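Undergrad: Keeping the supplied structure of chain A fixed, place chain B upon it in accordance with the hints.
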Amino acid sequence: MRGKQYEQKPSQAAVAHESVSSEQPGSSPGRGTHSQETEDMHTEVSGEATESVSATPFREAVAESFSGAPLQAEIEFLVGFDPSRAINEGLPFAATEDYNDLLPAEAAEYQTPETVCGRDDRVRISPATAVPWRWICQLIITMPNGAGFRGTGWFIGPKCVMTAGHCVYSSANGGWARKIEVIPGMDGAARPFGSAVGTCFRSVKGWTSSADPNYDYGCIILPAPLGNSTGYFGFACLSDASLTGLLLNNSGYPGDKAFGTQWFNAGRTSQITARKIYYMLDTYGGQSGSPVWRLCNGQRHAVGIHAYGGCPNSATRIVQAVFDNMLAWRNL
Amino acid sequence: MITLPVVIRDVMETWPLQLRVSLGSKFYLVSLWEDTEIRRGGRVVTASILVPGQRIIVYGRVSSMGVGGTDSVIADVITVPDG
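Protein chains in written order, with this note's numbering: chain A, 38 to 369; chain B, 20 to 102.
Because the hints were derived from the structure by calculation, they are not lab data. Please read all numbers here as calculations on a predicted model, not as lab measurements. Keep in mind that a hint or two might mislead.
Said to hold, decoys possible - What the simulated footprint calls covered on chain A by chain B, stretch by stretch (three residues with Cβ under 8 Å from a Cβ of chain B suffice, anywhere in the stretch; the number is not a length):
#1 177-186
#2 206-213
#3 345-354
Think of the CB as a built atom: it goes at the ideal place given N, C-alpha and C, for glycine as much as any other residue.
The shape of chain A in the complex, shown without the other chains:
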């Protein structure tokens, strides 16, 4: 059974989570081979490296979010965050009074993070215990060679935390991560939902075997259903038309801010390709794996997995094959 699918009417896709959870993990494309020592822990999904372009009509697909228990009020706009900038970000350039705020180029050098695009209007999320912030997790990654990294993840199911492929698998550092500590809603020293250590990961061969940025996504399967306390994101596979100019949200744990603090930004898509979504939202190292989502009729659907900086910054797009894998992983 496939997930509920809707053609060009995502706002009408108000299906219950239960209809999604009936998906069977084994329904995903064939499993790939992997190293013997990790055979019971990690899996690459082989279909994602070799899929061909489908000739069938594009169909949008949506899996709904779960707010967790207890329910708390949602935050639409944040104090200190100017939504008008986000609404205009990514639109064709127009001269504004912002020119008055520009620093001389030489003064800005080395001060402005390069993946913060233009004026840094990131806003701190504190506390991070409300929806959707508590769905988002600080990741503390330990690679097989002992190297430590920080990243961001987000719940899509009770045990499943989505992130970038390079957060769970780094060939430069020995392959699959040794362990990743997942801390939802972290806010400085506060760990309102505790934490869990994952040692079981998923990605696709397009990343683990080919290092192709178009396939840079994966997930952490936790040993306990921490997502039942926090809730989790829905996600959606949207058409080019639906993504073009779409207002996007992103929040994660950047490395240039105090450790364990979550920061939000928003803006419009600037370019869409077959496998990537580009935008001028401000991000920074440490936000790899963070969710890129739309807020529509009170529902939050991730449409991409943030992974790359460079202005425009970019996310791995949730296309149908990614969506199908996420559905399977959500239920592990």
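TA: Frame of chain A; chain B shown alone:
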């Protein structure tokens, strides 16, 4: 030890960063570590100056044979030429 004059193709936003770089037609995955030093114009700068399209020189260690014909390097020092 290895010295690679390369062009940054992609900046992966873990912290520390990971890079996908190219030398001619060959691609490398470069991992920065906490103690990787970035130098520009004789000064030590933060890794946030690294952007796609930039020419850099990576001094590091070959980590392992990478994937898909992509070698992997752990960077000890990265220099960003002026200009």
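Undergrad: Confirm or reject each hint.
TA: Hints, one by one, checked against the model:
For the region 177-186 of chain A, the assignment as covered by chain B holds, since 5 residues bring a beta-carbon within under 8 Å of that chain's beta-carbons and 3 suffice. Counting residues of the region 206-213 of chain A whose CB falls under 8 Å from any CB of chain B gives 5; the rule of at least 3 is met. For a cut-off of 8 Å, the count of residues in the region 345-354 of chain A with a CB near a CB of chain B stands at 5, and the three-residue condition holds.
No hint from the list above goes unmet by this structure.
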